[in-house]
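The hints should help you fit chain F onto chain P, whose structure is shown.
There are 2 protein chains.
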Amino acid sequence: MPSDLERAMETLIVVFHRYADTEGSKASLSRKELKMLMEKELSSFLKTQKDPAAVDRIMKDLDSNGDGEVNFEEFVSLVVGLSIACEQIYQKHAQVPAVKKN
Amino acid sequence: MPSDLERAMETLIVVFHRYADTEGSKASLSRKELKMLMEKELSSFLKTQKDPAAVDRIMKDLDSNGDGEVNFEEFVSLVVGLSIACEQIYQKHAQVPAVKKN
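Those protein sequences? They're chains P and F, same order as listed. In this text, residue positions in the first sequence follow my numbering: the first is 7, and each later residue adds one. In this text, residue positions in the second sequence follow my numbering: the first is 7, and each later residue adds one.
Honestly, the hints are just simulated from the structure, not real lab data. Here a beta-carbon is modelled for each residue, glycine too, at the ideal position from N, C-alpha and C. Among the clues, some could well be false.
As the list claims (entries may be wrong) - Below, computed lysine-lysine pairings styled on DSBU-like, alpha-carbon distance capped at 35 angstroms:
| no. | chain 1 | residue 1 | chain 2 | residue 2 |
| --- | --- | --- | --- | --- |
| 1 | F | Lys66 | F | Lys32 |
| 2 | P | Lys32 | F | Lys53 |
| 3 | P | Lys98 | P | Lys66 |
| 4 | P | Lys53 | P | Lys38 |
| 5 | P | Lys66 | F | Lys98 |
| 6 | P | Lys46 | F | Lys32 |
| 7 | P | Lys41 | P | Lys66 |
| 8 | P | Lys32 | P | Lys98 |
| 9 | P | Lys53 | P | Lys32 |
| 10 | F | Lys98 | P | Lys46 |
| 11 | F | Lys41 | F | Lys66 |
| 12 | P | Lys98 | F | Lys41 |
| 13 | P | Lys98 | P | Lys53 |
| 14 | F | Lys66 | F | Lys46 |
| 15 | F | Lys46 | P | Lys46 |
| 16 | F | Lys32 | P | Lys98 |
| 17 | F | Lys41 | F | Lys53 |
| 18 | F | Lys53 | F | Lys98 |
| 19 | P | Lys66 | F | Lys66 |
| 20 | P | Lys98 | F | Lys66 |
| 21 | F | Lys98 | F | Lys66 |
| 22 | F | Lys53 | F | Lys32 |
| 23 | F | Lys98 | F | Lys41 |
| 24 | P | Lys32 | P | Lys46 |
| 25 | F | Lys98 | P | Lys98 |
| 26 | P | Lys98 | F | Lys46 |
| 27 | P | Lys32 | F | Lys98 |
| 28 | P | Lys53 | P | Lys41 |
| 29 | F | Lys46 | F | Lys32 |
| 30 | F | Lys46 | P | Lys38 |
| 31 | P | Lys53 | P | Lys66 |
| 32 | F | Lys38 | F | Lys53 |
| 33 | P | Lys66 | P | Lys46 |
| 34 | P | Lys41 | F | Lys38 |
| 35 | P | Lys32 | P | Lys66 |
| 36 | F | Lys53 | P | Lys53 |
| 37 | P | Lys32 | F | Lys38 |
Unchecked claim - Chain P is nowhere near these chain F residues, computed Cβ spacing over 10 angstroms in every case:
| no. | residue |
| --- | --- |
| 38 | Glu16 |
| 39 | Lys38 |
| 40 | Lys46 |
Bound conformation, chain P alone (with noise of 0.2 angstroms):
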C-alpha cells in the first residue's frame, strides 16, 4: 500500500493531468487549464487573486521556459512555494509555548 508520501506526490501528477490533458498539449497547461485549475483546486488559498489579471500574472511567474504554457516541473513550482508559505505559518503557530502548569 502506497504511503501517504507516495500517494501526495501520486495527487500532483493526477491532478496536473486532470486540468493539462484538457486541450492542446497534454503535457502542459494552457492558460485557460491553469485558470481552471487554480479555480477548482486552490480556490481557498487563491481567494485574494480576484482580478482578472493575475492568472496572467502567475502564468508568467512560472512559464520560466517562456513557452507560454506551464509544464509540470513550472506546475510543482507552484505547489512548492505555496507548501513552503504554508509550513512557515505551522511552524509560527506550533512554537506557541505550552501553558506552564505550575
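Structure of chain F alone, referenced to chain P:
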C-alpha cells in the same frame, strides 16, 4: 472542504513534521529522522538504495545550506525530484497511441 491538491500540500507538511518533531530541532530532519522518513514513506521508491551510505549521500545532496540537517525547503526538493521523475514515466506510458478503430 479542501481540494485534492490542498490535501496533498497538507500531507507534505504533516509527513515532514511526523519525523522532524521526533528529536532535536522541530524545524528540520536529522540524519536519523531522514532515514526513518525514507524507510517508512519512500520504501517503494528507494528500494534500490539499500547500501548504508545512501542516506548520507541523499542527506548531503539535500542539505543545500550545509548545516547537517534537512529543513522543509530541502525536503520538498526531494519530493519534487521524485514527482518529476514519476511524471516523466507517466507521460511515456500515456503516449502509447490508441488502437485505430477502422
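Verification of the hints:
1. F:Lys66 / F:Lys32: holds (19 angstroms)
2. P:Lys32 / F:Lys53: holds (30 angstroms)
3. P:Lys98 / P:Lys66: holds (31 angstroms)
4. P:Lys53 / P:Lys38: OK: Lys53 of chain P and Lys38 of chain P at ~18 angstroms, within 35 angstroms.
5. P:Lys66 / F:Lys98: holds (27 angstroms)
6. P:Lys46 / F:Lys32: holds (33 angstroms)
7. P:Lys41 / P:Lys66: holds (13 angstroms)
8. P:Lys32 / P:Lys98: Roughly 39 angstroms between the alpha carbons, so the hint for Lys32 of chain P and Lys98 of chain P is violated.
9. P:Lys53 / P:Lys32: Distance ~27 angstroms between Lys53 of chain P and Lys32 of chain P Cα, so the pair holds.
10. F:Lys98 / P:Lys46: holds (27 angstroms)
11. F:Lys41 / F:Lys66: holds (13 angstroms)
12. P:Lys98 / F:Lys41: Measuring from Cα to Cα gives roughly 26 angstroms; hence the hint holds.
13. P:Lys98 / P:Lys53: Within the cut-off at roughly 22 angstroms; holds.
14. F:Lys66 / F:Lys46: holds (20 angstroms)
15. F:Lys46 / P:Lys46: Measuring from Cα to Cα gives roughly 32 angstroms; hence the hint holds.
16. F:Lys32 / P:Lys98: Holds, at roughly 11 angstroms.
17. F:Lys41 / F:Lys53: Given pair Lys41 of chain F, Lys53 of chain F holds - Cα atoms ~13 angstroms apart, limit 35 angstroms.
18. F:Lys53 / F:Lys98: holds (22 angstroms)
19. P:Lys66 / F:Lys66: Holds: Lys66 of chain P and Lys66 of chain F sit about 33 angstroms apart, inside 35 angstroms.
20. P:Lys98 / F:Lys66: Measuring from Cα to Cα gives roughly 27 angstroms; hence the hint holds.
21. F:Lys98 / F:Lys66: holds (31 angstroms)
22. F:Lys53 / F:Lys32: holds (27 angstroms)
23. F:Lys98 / F:Lys41: holds (31 angstroms)
24. P:Lys32 / P:Lys46: holds (19 angstroms)
25. F:Lys98 / P:Lys98: violated (42 angstroms)
26. P:Lys98 / F:Lys46: holds (27 angstroms)
27. P:Lys32 / F:Lys98: Given pair Lys32 of chain P, Lys98 of chain F holds - Cα atoms ~11 angstroms apart, limit 35 angstroms.
28. P:Lys53 / P:Lys41: holds (13 angstroms)
29. F:Lys46 / F:Lys32: Roughly 19 angstroms separates the two Cα atoms, so the pair holds.
30. F:Lys46 / P:Lys38: Roughly 39 angstroms between the alpha carbons, so the hint for Lys46 of chain F and Lys38 of chain P is violated.
31. P:Lys53 / P:Lys66: It holds: about 19 angstroms lies between the C-alpha atoms, which stays within 35 angstroms.
32. F:Lys38 / F:Lys53: holds (18 angstroms)
33. P:Lys66 / P:Lys46: Holds, because 20 angstroms separates the two Cα atoms, which is no more than 35 angstroms.
34. P:Lys41 / F:Lys38: violated (42 angstroms)
35. P:Lys32 / P:Lys66: It holds: about 19 angstroms lies between the C-alpha atoms, which stays within 35 angstroms.
36. F:Lys53 / P:Lys53: Roughly 41 angstroms separates the two Cα atoms, so the pair is violated.
37. P:Lys32 / F:Lys38: Given that 35 angstroms is the threshold and the Cα spacing comes to 40 angstroms, the pair is violated.
38. Glu16: violated (8 angstroms)
39. Lys38: holds (18 angstroms)
40. Lys46: The assertion about Lys46 of chain F is violated, with a minimum of 7 angstroms to chain P.
Against the hints set out earlier in the document, violations occur for numbers 8, 25, 30, 34, 36, 37, 38 and 40.
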